[in-house]
Structures are given as structure tokens and as C-alpha cells.
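Chemist: Sequence:
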Amino acid sequence: MSSQSSRDFTFGVEFEFGIRFEKRPFRDQSQIRELIRDTLIAETGLKVRTELEIDGMERGADKIPESQLFTTWAIGTDNSVGFFEETRLDKNHDAFYCCLEMQTPVLEFGPGGFTEIHIVLTALQKHFNVLVNDTCGLHVHVGRGKEGIDHLPLQHLMSTIWVFETQITELLHKSRSSYHIHCSPLYMRSNLGLRGFRGNILDIMLGTNSVNDVINVFGGYENSVNIAYNISNLLQPFVSPVKRTIEFRQHQGCMDSEIVLNWVGFLVELVAWAHKIDHQDFKIFLTKYIDQKEGFSVENLFKEIGLRESVHEFWRDRMAELRAAEQEEENEKEV
Numbered sequence: 001m002s003s004q005s006s007r008d009f010t011f012g013v014e015f016e017f018g019i020r021f022e023k024r025p026f027r028d029q030s031q032i033r034e035l036i037r038d039t040l041i042a043e044t045g046l047k048v049r050t051e052l053e054i055d056g057m058e059r060g061a062d063k064i065p066e067s068q069l070f071t072t073w074a075i076g077t078d079n080s081v082g083f084f085e086e087t088r089l090d091k092n093h094d095a096f097y098c099c100l101e102m103q104t105p106v107l108e109f110g111p112g113g114f115t116e117i118h119i120v121l122t123a124l125q126k127h128f129n130v131l132v133n134d135t136c137g138l139h140v141h142v143g144r145g146k147e148g149i150d151h152l153p154l155q156h157l158m159s160t161i162w163v164f165e166t167q168i169t170e171l172l173h174k175s176r177s178s179y180h181i182h183c184s185p186l187y188m189r190s191n192l193g194l195r196g197f198r199g200n201i202l203d204i205m206l207g208t209n210s211v212n213d214v215i216n217v218f219g220g221y222e223n224s225v226n227i228a229y230n231i232s233n234l235l236q237p238f239v240s241p242v243k244r245t246i247e248f249r250q251h252q253g254c255m256d257s258e259i260v261l262n263w264v265g266f267l268v269e270l271v272a273w274a275h276k277i278d279h280q281d282f283k284i285f286l287t288k289y290i291d292q293k294e295g296f297s298v299e300n301l302f303k304e305i306g307l308r309e310s311v312h313e314f315w316r317d318r319m320a321e322l323r324a325a326e327q328e329e330e331n332e333k334e335v
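Taking my numbering as reference, the numbering of the sequence shown is continuous, increasing by one, and the terminal residue is 335.
It is possible that some hints are incorrect.
Unchecked claim - Only pairs whose alpha carbons sit at most 25 Å apart, straight line, appear in this in silico DSS-like list of lysine-lysine:
| no. | residue 1 | residue 2 |
| --- | --- | --- |
| 1 | K333 | K91 |
| 2 | K126 | K47 |
| 3 | K146 | K243 |
| 4 | K146 | K47 |
| 5 | K283 | K303 |
| 6 | K303 | K63 |
| 7 | K276 | K288 |
| 8 | K63 | K146 |
What the hints assert, rightly or not - DEER-style ranges, computed between Cβ atoms:
| no. | residue 1 | residue 2 | range |
| --- | --- | --- | --- |
| 9 | K91 | T39 | 20 to 28 Å |
| 10 | Q236 | D28 | 38 to 46 Å |
| 11 | K91 | G207 | 58 to 66 Å |
| 12 | G199 | K63 | 46 to 54 Å |
| 13 | A324 | N300 | 38 to 46 Å |
Bear in mind the hints are in silico, worked out from the structure with no lab data behind them. Note that the Cβ used here is the ideal one computed from N, Cα and C, for glycine as well.
Produce the entire structure from the sequences given, and follow the hints as far as they go.
Modeler: Quick look at the structure:
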């Protein structure tokens, strides 16, 4: 059992989104990203660079490329993001949709990191017409600086996610569930899910002896990173000098700071709890829910990890909003 609290953890966020311009502002899209960079610097005073700019920089501390240090906000693009339908339906034929990805630097979990995200998202939406669609995702990386995540906490975390994955998905739009190519659930894309298993699932999940064993059980089949819970960055020896994280890939694109920060808060608290819980207590916890099989919700997990009632209330309201939006979308399809 570790004495670590959630404040001992670091995190980073990747935002996938688009910006609609009434008319294409520049022929070269790199100039659009420079416009966004300059606007955010002027509005927030934070360090912001484009990915192209970062790639062209000299190596930083310990001769590590700047692109692998994650010390700055980064404005880039992502080939998986597209606004083809929006472009087709837009009555303004001069309108231009720019597909973007924005990455935070490594942030400490707490008020400072949360405030920085809120400031940047507010500034971005103040100056630009920001939008997301179902091609956009929100990826959250959680770690302990450069330390990675040790064996037992990772075993606790991934075993809990295996049992509660369906319940956690209740917090998300249904477009991010079973068949989304970039964030497939564990049962569809992990080694355990695809290879299957013999014997007691509890023995398999708790029978690992190292971080790499856990990755071999719960990692993406054939090293795929397009899995809702990507733990490939924790493989030892480490490949990345800084990105030694679990990547939570399953959230739909979102630029609402309240939703983003509540999601980040839940994930970091979950990882912190996996470090704190005693191993014997964890066995009792896991057995309880494996034997129960159904009839429990994500709120049971909230209670187990000790989240405040205000967090429960936020997610109750959020889930109600999502279910209503999903129903409205279904109704529109039928018209």
C-alpha cells in the first residue's frame, strides 16, 4: 500500500478539434497553426509552439528532442480528424474547416494544471469558432513524472478497468463504445480479450509478476495503441524519456473545460487509488464485483475510490445530458 495522493501524479491532455473560418485565412495550413499559437500566447502568456516549430528545435536537456520533453503547449494536426459532412452542409461555400490537435505540456495534478487548461480553452473559444464531431477524441495521459507506474498499482488499475469498463463507458457518448476504431474496449482489442483465457479470471489478472506481464495481459493485441486504455508506454525498458503513462483514449472530443477537468480528475483519482489500496483489500474488492457480475454502476466505483458527492452529482447530470442527446440524435435519424 502506497502513501501517495493524487497530487503526486502528473497528466497531459490531447485535444482533437476543428476551427471553422468564414474564409480560408492562409493558403498554407501551417500559417493557420501559427495564427492560433500567436493568439494563445497573446491571450494567456503561456508557452505555446506549433509541432512544426518543435520538430525543428535543437535537442533539449540530456540531448532529448524537444518533441519528447512535453514542456510546452503544442498546436498540430491529426489525420484521424475530419469535417467532411460539416463542409458539405455548410451554406457558406467559402467556409474552411481546419483540423487540429492541441497537446498540453506535462502538468501537475492540482489547481495549477487545471487553471492552465481552463485559461487556454477559454482563450481558444474566445477568438475562434471551435467545434468537435465524432471523429474527434480527448486523450488523457496519467503518470508519475518520469517514474512510470509500478507493477502492483498497474495490476490493480487494469483489473479494475476490466471489471468496470462497461460502467465507465456510461460516462461517455455512445459513439465511443464498442466499435470505435481508435478506442476499442479491452474485451475487443486487448490480449486478454482476443486470446481468451482458461481457468479463473481473477487468478489470471492477479497472477502477473511484473509491469510487462500486466501489459502482456491487458495491452493491445499485436501492440495496437488504438485501445481505450493504452499502456504500451509503460513497457520496460522505457522507450520514451518522458511519456511513461497510461493513455485513456476513450472520451469523445470535448472543449468544455468543466467536463474535461472532471474527466481528468476521475482518471487521476482512479490511478492514485490503485496505488493506495492494500493488495489483500483489493482482492476482496475485485472478488465482490466479479462475483456480482451485473447490477452495479460507475457510482459504485466512485464510492470505492472515495470521490466526493459533488463529483457523483456532476456525472449524474452529465450522463442524463448524454442520454438525452443520444435520443435526440436517434430521433433526427428517423425523420
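Chemist: Against the earlier hints, flag every one the structure doesn't satisfy and list their numbers going up.
Modeler: 6, 13
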